[in-house]
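Undergrad: Quick note on numbering: my numbering labels position 20 of the sequence shown as 831, and the sequence is numbered without any gaps.
Please note that a few of the clues may not be correct.
Unchecked claim - Listed next, with one range per pair, are the computed distances between beta-carbon atoms: (1) D824 / M910: 55 to 65 angstroms; (2) S862 / I817: 19 to 29 angstroms; (3) Y884 / F844: 13 to 23 angstroms; (4) G833 / E899: 34 to 44 angstroms; (5) A851 / H879: 23 to 33 angstroms.
Claimed, not checked - As a list, the in silico DSS-like pairs of lysine-lysine whose alpha-carbon atoms are at most 25 angstroms apart: (6) K932 / K901; (7) K813 / K826; (8) K874 / K813; (9) K932 / K904; (10) K904 / K893; (11) K814 / K826; (12) K900 / K932; (13) K874 / K893.
The hints are simulated quantities; they were obtained by calculation from the structure and are not laboratory data.
Glycine is no exception: its CB is placed at the ideal position from the N, C-alpha and C atoms.
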Amino acid sequence: MKKEDIKKAIEQDEKWDSGELGQEESYVERVEFDQAIEEAINQSARLRPISIRMEEELINDLKTIAEHHNLGYQPLIRQLLKRFVVSEKKILKQRAQAMEIKGPEDKRIEDNDEFADQVAKEA
812 MKKEDIKKAI EQDEKWDSGE LGQEESYVER VEFDQAIEEA INQSARLRPI
862 SIRMEEELIN DLKTIAEHHN LGYQPLIRQL LKRFVVSEKK ILKQRAQAME
912 IKGPEDKRIE DNDEFADQVA KEA
């Protein structure tokens, strides 16, 4: 490849990255999104739509943060919830291990607490 071809390719890449190329509406085609396709995507990703009520200010803040990270706000919320769950599971596992070390007389949760057992196994 010649130097001028390389330079031209780099310039073209920069134009795509900046949006100078590829963002004209005349080249955009609207595609109907079939409900069956959405359900298939959700099943394959093991996603289930939920409804949650949140303060408008919180939603706006999440949208701003998501935009900063080049994400949609719903994927950001999903990431935040995953981080929280992972962290909480670690804490619960540590507490369960600490209770095992102290012995049964010092346990603060019931032996048959399914949630604590499940968390200890998963973490």
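Undergrad: Does each hint hold? Answer for all of them.
TA: Verification of the supplied hints:
Restraint check, D824 to M910: a C-beta distance of roughly 57 angstroms satisfies the suggested window 55 to 65 angstroms. The beta-carbon spacing between S862 and I817, approximately 52 angstroms, falls outside the hinted interval of 19 to 29 angstroms. A C-beta distance of roughly 19 angstroms is found between Y884 and F844, which places it inside the suggested range of 13 to 23 angstroms. At about 43 angstroms, the beta-carbon gap between G833 and E899 stays in the expected band of 34 to 44 angstroms.
Between A851 and H879 the beta carbon distance is about 31 angstroms. The supplied range of 23 to 33 angstroms therefore holds. Taking the CA atoms of K932 and K901, the gap is about 11 angstroms. The hint holds against a cut of 25 angstroms. Taken as a hint, the K813 and K826 pair is honoured in the structure, with Cα atoms around 20 angstroms apart against an allowance of 25 angstroms. Taking the CA atoms of K874 and K813, the gap is near 45 angstroms; set against the 25 angstroms cutoff, the hint is violated.
Straight-line distance between C-alpha atoms of K932 and K904 comes to about 8 angstroms, which keeps the hinted pair within the 25 angstroms bound. Distance hint between K904 and K893 is fulfilled; the C-alpha atoms sit about 16 angstroms from each other, no more than 25 angstroms. Of the supplied pair hints, the one linking K814 and K826 holds, its CA atoms being roughly 18 angstroms apart against a limit of 25 angstroms. Annotation: proposed proximity of K900 to K932 holds, straight-line Cα distance about 10 angstroms (limit 25 angstroms).
Under the criterion of a C-alpha separation no larger than 25 angstroms, the hint pairing K874 with K893 is consistent with the structure, at around 18 angstroms.
The structure is inconsistent with the numbered hints 2, 8, although it conforms to all the rest.
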